[in-house]
Amino acid sequence: MIENNPKINQFLEHLLNLPAIKKDSPIGAEQQIITFIKTNLPKLEVSFTKPEFFPDLPPKETIAYIISNLQKRVVDQSLVFFKKVINTEIDFSVLRKVRKRPVNEDLLKDKISSLIEEMIMDPVCRLQMKPVYYILQTKYIDKIIDLLFERKAFTYNELVRVQKCYIEANEYISYLKILLLLSSFPNYPKENKKILINASTNEEKAQICENSSKILIRKIPEIDILECKLAVDSNLAENFLEIWEASSRLLFILIHRFNEYEPGLKIEKGAETPDKSWYGVARKIAKDFGYSKGIVDELFLIANEIK
Amino acid sequence: MVKKTKSNIILKILEGFINLVIFVSILQILLEDIAILKGFDNKFKIILMLIGFGIDLIFSIEFIVRSILAGKDSGFIGYFFYQYGWIDFLCSIPLLLMNSLPSFILFLMTKTLYKSTVGFLKIIRIIRAIRITRILRILRVLKILKNLQNASSKMAQNHLSQILVIFIFILLISLIGYSFISDFSVNKMVEKQIETYHFALMGYNMMISDLHTNSKYEQLDELLSKIKNTFLVDPKILSVELVNLPNQFKLKDNLLYKISDFDNLVNNFSSTDLDVGFFKLKISTQYYENLRISIELLIFVSIILGSILYIFIYLKIFVSRISDVIYIIFKGIKHKDYFLMVRIPENYKDEEIFEFAKFYNDVYLPAKKKQYQKSEEKSKISIDDLLNLDL
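Those sequence lines, one after another, are chains A and B. Residues in the first sequence are numbered consecutively from 28, following our numbering. Residues in the second sequence are numbered consecutively from 34, following our numbering.
Because the hints were derived from the structure by calculation, they are not lab data. Only a predicted model underlies this, so the values are computations on that prediction, with no experimental measurement involved. Here a beta-carbon is modelled for each residue, glycine too, at the ideal position from N, C-alpha and C. Fair warning: there could be bad hints in the mix.
[Unchecked claim] Reference excerpt, derived from the structure (chain A facing chain B, CB under 7 Å, subset only):
#1 Leu106
#2 Ser304
#3 Gly307
#4 Lys311
#5 Ile312
#6 Asp315
[Stated by the list, open to error] Just a few of them, taken from the derived set where beta-carbon distance is under 10 Å, the chain B residues facing chain A:
#7 Lys259
#8 Lys261
#9 Ile350
#10 Val352
#11 Ser356
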């Protein structure tokens, strides 16, 4: 009965079309709406019994239906997006070049695609994928890698020479995108006994990541253990990483940056851009938050060029 | 909710209407002066006078209504002294009572417009200069301009208004002062001119008297032709008539001289009469009137252009170097999830305000970030968003 009620779908459409929601990503919109429902639950339950809403339906069931319908939409939209990225924006042959061994690219692509699907279906893991979504949606990696490779300064040196990953800028973009897609794996409860967001200390996080990379390699044996480690370790502060893990250090910063990303944020005149401001603050607290000072400093310098 | 929206729309329409009237009032002042300069048709001048009367009436009603409403809310004193009520007053009731209403009444009674002739309605002419106080009303229009700069900074708006009031007020006082001085000097110039005519005519009078005493009546024509030639070269003399000549002088026509465009010049421009002995002269004072109005117009246009320039140049400087900086720092202190840094221009980084901004960027924000725990996601939608829902 609820399913066939056009008013509920209309209500959900209305919510999704609110300006604050519309400009957000599907995962961001889901997060906002669920937070909204949680904080306004008593008021909503009263409002829903009013004649202009759903007087004939039990409010709790109505809300439960709204949430499940919303999540279904978010999953569908997110899947379309991630699959598009996997199929059109990533060149998986880069892994062959990095590890200098043959890789079954199609199989790898399918396996990563299936894993992402599983992770997206999981509501806890999905929310942790919000920064990943934003990074890919804004093509942020494409923009910064081009700039960093042009500068050939600290970050370039870290990514190429220290990590011993001698590939071109466009290949590095694909490489980082693959790592980024897999970076949320430690927050996937179905595969991990304990997930990252429930860890209370950095040491515990490091332990979870270590276990998680082992699980990941079993799940996708086509990928190298080093890539598994780099992807999963993107959740760890600099002092828990090995020297060669430059990609993880960069992705750790980007994930934190996009965790605070606000699409369509209005910038007041006289204020720095959100990027410049974020890196400006991050370079001062790099040690406390585990950011690589050198990378943050360089991102701060190029922040105004990231368009 | 619906009621509130309706009253908001009405208020917005009224505000828009008043802004339009302000622009029209400035245009009307300009056209009124140009009409005098160019000698526009009387009908046009009457229309302008009526528009001026209408504008002053609207502003007066607006001032009274605002005063009554302010009396109900924050109080008349608050409105008058702190919300530019005094400007509304200066631009309304005094102008209505001293300028447009007398002109309107004069028009109703005589069906003619007053003309700024020397020695006639001098007070009204001086008060006309005070019409320029209407420029102060531009300040009300500033609300339109606020979006050009920092819409959120009340500081910038208030500062701009206060400085602009001082700026325009000083110019106005200068202009009004100038009006008195110029009126005095124009009068002096006219008086001097009349004195010259008077002196010349006294000589001609004596010559005519001599002819009469010596009974040389036949020599009058020769003398008159000499006098006529003198007047022909002076464009300020509109007509010369001979009056009270002894009967022995046989004259065909008492009108000695009349300028070709006499009717137009007398009806549409200012002039004055001069009676000296046997001569009655009609003298144009338009030259002096033009001089006075040209300077008034120049000052008027300068004030407008100066104000506009001020708005665009000074406000931009003030906003970018003071109010924006304070606004961002204030927002950063007030909102726990606001982390945008202040942009510090390289050229001004030594100024105290940017030193302060640097401290905010480099010390306050990082310290705040360390304290800040993104414990709970905040939704940007509110329960009020549901009120607009029409299922």
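Comparing the hints with the structure gives:
no., hint, verdict
1, Leu106, "violated (23 Å)"
2, Ser304, "holds (4 Å)"
3, Gly307, "holds (5 Å)"
4, Lys311, "holds (4 Å)"
5, Ile312, "holds (5 Å)"
6, Asp315, "holds (6 Å)"
7, Lys259, "violated (77 Å)"
8, Lys261, "violated (73 Å)"
9, Ile350, "violated (12 Å)"
10, Val352, "holds (7 Å)"
11, Ser356, "holds (8 Å)"
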